[in-house]
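2 protein chains.
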Amino acid sequence: MSISMYQTSVPIFIRMLGNLNQILEKAAAHAEKKGFNPQNLVNYRLYPDMLPLSSQIQIATDTVKGCVARLSDQQPPVFEDNETTLAELSARVTKTIDYVKTFTPEQIDNTEEKTIQLKLGSYTPTFTGQRYLLHFVLPNLYFHITTAYAILRHNGVDIGKADYLGVE
Amino acid sequence: MSISMYQTSVPIFIRMLGNLNQILEKAAAHAEKKGFNPQNLVNYRLYPDMLPLSSQIQIATDTVKGCVARLSDQQPPVFEDNETTLAELSARVTKTIDYVKTFTPEQIDNTEEKTIQLKLGSYTPTFTGQRYLLHFVLPNLYFHITTAYAILRHNGVDIGKADYLGVE
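Each protein sequence line maps, in turn, to chains X and G. FYI, in our numbering the residues of the first sequence are 1 to 168. FYI, in our numbering the residues of the second sequence are 1 to 168.
Cut-off 25 angstroms, straight-line C-alpha distance, at most; resulting in silico cross-link-like pairs (SDA-like, lysine to any residue):
no.	chain 1	residue 1	chain 2	residue 2
1	X	K161	X	A28
2	G	K114	X	L165
3	G	K26	X	R45
4	G	K101	G	P11
5	X	K161	G	K65
6	X	K95	X	V167
7	G	K101	X	H135
8	X	K114	G	S2
9	X	K65	X	Q107
10	G	K26	X	F136
Chain G is nowhere near these chain X residues, computed Cβ spacing over 12 angstroms in every case:
no.	residue
11	Q22
12	G35
13	N37
14	Q39
15	K65
16	A69
17	N82
18	A87
19	S90
20	A91
21	Y99
22	F103
23	Q117
If you are wondering where the hints come from, they were derived from the structure by calculation, not from laboratory data. It should be emphasised that the depicted structure is a prediction, and the values quoted were computed from it without experimental measurement. For each residue, glycine too, the CB sits at the ideal point set by N, CA and C.
Chain X on its own, in the form it takes in the complex:
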C-alpha cells in the first residue's frame, strides 16, 4: 500500500485550481456588488513589497504546469503573465486545469527518483521527483492560493475555508 506521484499531484492540482476559480468568481461578484473596479483587486498587495493578486495566480499556475511537465519530460505551455482582469486570471487558471487534465498516471507515476533541476533566477536547486513534489510544488501551490485568498478576504470578499478546501 502506498501513495503514487499521480495521486499526490494531478487530482490535487485540479481540485485546488477549481476552488481558486470559484474564489475569483466570488471576488468579481463582490466588486460588482460594491461598485468598485475589480482591477483594484487584481493589483492589490498585502504589503508594498509583496506580490499582487495577479502574481499569486500566475505563480500558482506556473508551479502546477511546471510540475506535471517536468515530471513527464514535456514542455509546459508558456503563459505571458499579461493578465490584467479577474476574467483573464480565471481563464489562465482554466487553461492550466485543462493542461493538467491531459496527464495520465502512466506519465507521472514512478518519477520519485527522477532528477529535477530548477532555474529560478540565482536559485538553482536540484531535487528528486518526490522531494520536488512534496517539499517544493505543494507548499508553493498552497502558499500562493492561500495568499490570493488572504488578499481577497482582506478586501471583504465573502469567502471561507470551505471555498479554499472545496468541501462538498
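With chain X's structure known, arrange chain G on it following the hints.
Same frame as chain X, now just chain G:
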C-alpha cells in the same frame, strides 16, 4: 517505487513547523526593534471576522498532532488554546514538533485505507487515511502557516518565501 504516508507527513510537519518558529522569532525581533507590544501581532486579524495570528498557530499545530495521532490510533496531547504571547505560541509549536518526532514510519505507514472520522462541529467528514492526509491535513496546515505569514508580512515583519519554505 512509491511515496509513503510517513514521508508525506512527519518530515514535512517537522520542517514546516520549524520554519514557522523561525518566522515567529523574526516577528518578536520586529516588534522589539519597532518598540511596539508584540501582543498586537498575536491578536492581529486580516479582516474583522478572520481568526487572529494566535488561532492560525493553534489550528496549524492541532492539524498536525491530530494527524499523526489519528493515523496511529494514539490520543493526541491536549493544548488549552490559552497562548497570549509570541513566546507561548513558539513553545506550542516546539511541543508539537517534539510530539511529531516521536512517531516512527512503522506507526504511520500503511494507513492509506484506514478510516478517519473527524468531528469538527457540525462538519463530520469521513476520509481514508490517504485522502485525509492529502486533501485535508496538508492543505489546512499550509493554509494556516501561510495565513500566519501573511498577517506578519502585512505588519511589516521582514520575512520572505525562503523563510516559509526553509530553503537552506
